[in-house]
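Protein sequences, first through last, are from chains W and Y. At position 374 of the first sequence the residue is numbered 374 (full-length UniProt numbering), and the sequence of numbers has no breaks. At position 70 of the second sequence the residue is numbered 70 (full-length UniProt numbering), and the sequence of numbers has no breaks.
Some hints could be false.
[What the hints assert, rightly or not] Far from chain W, some chain Y residues (derived; all Cβ distances over 12 Å):
1. Glu35
2. Glu108
3. Gly150
4. Arg160
5. Glu196
[Claimed, not checked] Restraint-style ranges between C-beta atoms, simulated for each label pair:
6. Ser180(Y) - Leu350(W): 40 to 48 Å
7. Arg8(W) - Asp133(Y): 20 to 28 Å
8. Ser180(Y) - Gly391(W): 56 to 64 Å
9. Pro383(W) - Asp72(Y): 55 to 63 Å
10. Gly391(W) - Asp185(Y): 27 to 35 Å
11. Arg144(Y) - Gln51(W): 39 to 47 Å
Just so you know, these hints were derived from the structure itself, not from any lab. For every residue, glycine included, the Cβ atom is placed at its ideal position computed from N, Cα and C.
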Amino acid sequence: MTFGDILRTAWSNLTRRKVRTSLTSLGVTVGIFTIVVMLSLGVGVQRVIQQQFDAIGLENVVVQPRDAERNPYTRYVRPEREVVISPAKIAEWQQRPDIVSVTPIVDVNESISKRLVLPGDATATIAVGVDPGVGINNPFETPPTALAGVLRPTKDGEIVISQRALRRLGLTAEVNNLIGQEVQLVMETPRGESQSFDYTLVGVSSADNNLVALTPNDSIALKAWWFNEPDLLATEGYDYALIRAKDLNVARQLTNELRTQRFRVQSVETVLELASKIFLVINIMLGSVGGLALFVATIGIMNTMIMAIYERTREIGTLKAIGASRGNIRTLFMTEAGMIGFFGGVVGLLGGWGTGRILNRFALAYLEQEQVPIRGDFFYIPPWLIALALGFGLVVGIIAGLYPAARAARLDPIKALRHE
Amino acid sequence: MGQASSLIRTTNLQRTYQMGKNTVQALAGVDLEIERGTFVALVGPSGSGKSTLLNVIGGLDRPSSGEVWVDDLELGRAPDKKLVSFRRDRVGFIFQSFNLLPTNQAWENVALPLMLAGRGRSERRKRAEHLLDQVGLGDRADHRPAELSGGQQQRVAIARALANDPVLILADEPTGNLDSRTGRDVLLLMQRLVREQQVTLLMVTHDMNAASYADRIVHMRDGVIEQIEIVERTAEAVA
């Protein structure tokens, strides 16, 4: 018998009991459907999160200095730094060919009091913070955009202010007309000293806060004055550095390297690795639910095949009498069982895909309504999942067919021919 | 040993069955020789061993002792695989209840042995249509068994038995499920095929009238051959 003959014969045998065949393969459909929906959800959500992280830049590494161990004498002073991100260190990193860019960042603590003042207008003054601008955005918030000018100052003496802070200062004109405006930051120590710093407005951000953005040097100058340490940069260095590596491997390698240099290092990849592990566990759990359904389906197919063999005993006897080998009979019934499984798999896959499309639409509508800026495909079916679903259906059918097919092949033709 | 003309030769053929505690001797030493191109009827009361003899000669059952030669093959000692190819390539079976596959069209049923032999579909169709023409069902090739009468179904089965161009056709009560008129048509058809195609036909029956269409009538009782009767008839009586 050729493969085509086997398929054709198996198909005509299956279609003679359409309802029973459909009901039997429905078991597989349920199992495959569950697996497809669950796994595509797992894969889809993971992908959406991955995309969010990709937007941040996986090859970004955040370096922080390490504070020295505190002892009872230093407990109430600002901690000494064990390693310092000095301007020299920044320059060293910038020279490396495998590093794309290095951004030093200064964190001007909230406890340092500073007010934004419009020169010549005593009433236009509000308390502000300085946005450190660490390049990692919260993926669950819309990143701010530049309403006018730029988002970050590029030269010392420049400042970017949020639209909200400008309004509160009384600057309600069209944002474009405010570029070039002079503003001052006034600092006042508890001991009564005060100092003002002049800046030129170069950008308005859409951020919904009272933060201003300064260059690292300007930020350092604020801190140096506050702590009364003119060479603060030399002694303490920057508070962070955002290193953009050439690729993920470099980022991974850099993370280890800087850690051995006693820096504190965070990379998004570490977080993502953890997330992947969690998703793996979730996927396995969800997949198991489908696996259980498939186990039940296997029993169903086995039952149907045994029934079919009982009904067709005479036919099997006839086939054997006219020259069918045991192998022919076994192959024929295995093929029938495999087909039941495979078609169950096809329908389950299509159903799972369709359900994913519908649920995805609901999910996106909900996110839209909640104003969460995440878009994407939450029920993503990668090619391997298609192969897995169809392969699983086929394998389930074949496994279920093993025993019944062997039984059919073993039938004694004389007894089978006498069977009523 | 005379193989030239005799197709089937059995010597002291025995077949015993274990039925619970009892041993049943279905064949108790059968010595039989059947020449090529003859139509032989095997008759006897039920339990006389005629069906067992047919099954052993057809390679469906194995003897307990003795020898059974068909053509150049000793079936008792042949490996299972040999028996399968023997049934597939050299023997045709006709059953009492036709045993056509209900999902297959008439021509597909006829071509079943060819499918098992791995022949191509178009070759099968051509051969099946030729055979259906021979049994007078050329216009029924695409009908399913349920759409055919009993006599037509048995004629499809006869065409199926001829498909592999066998040396031997075995028929187990081929007219048992047919009324006497259609039974007669089927018997005449088989008689004609034996004569035209030089095929050897061994038919089991308990109907003496059916047996009278054969060239030889082998009477069996209690697992042994009682008597072999040669049917004398003139050419006109057949037609």
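Handout entry: Hints violated by the structure (listed by number, smallest first)
Key = 2, 4, 6, 10 and 11
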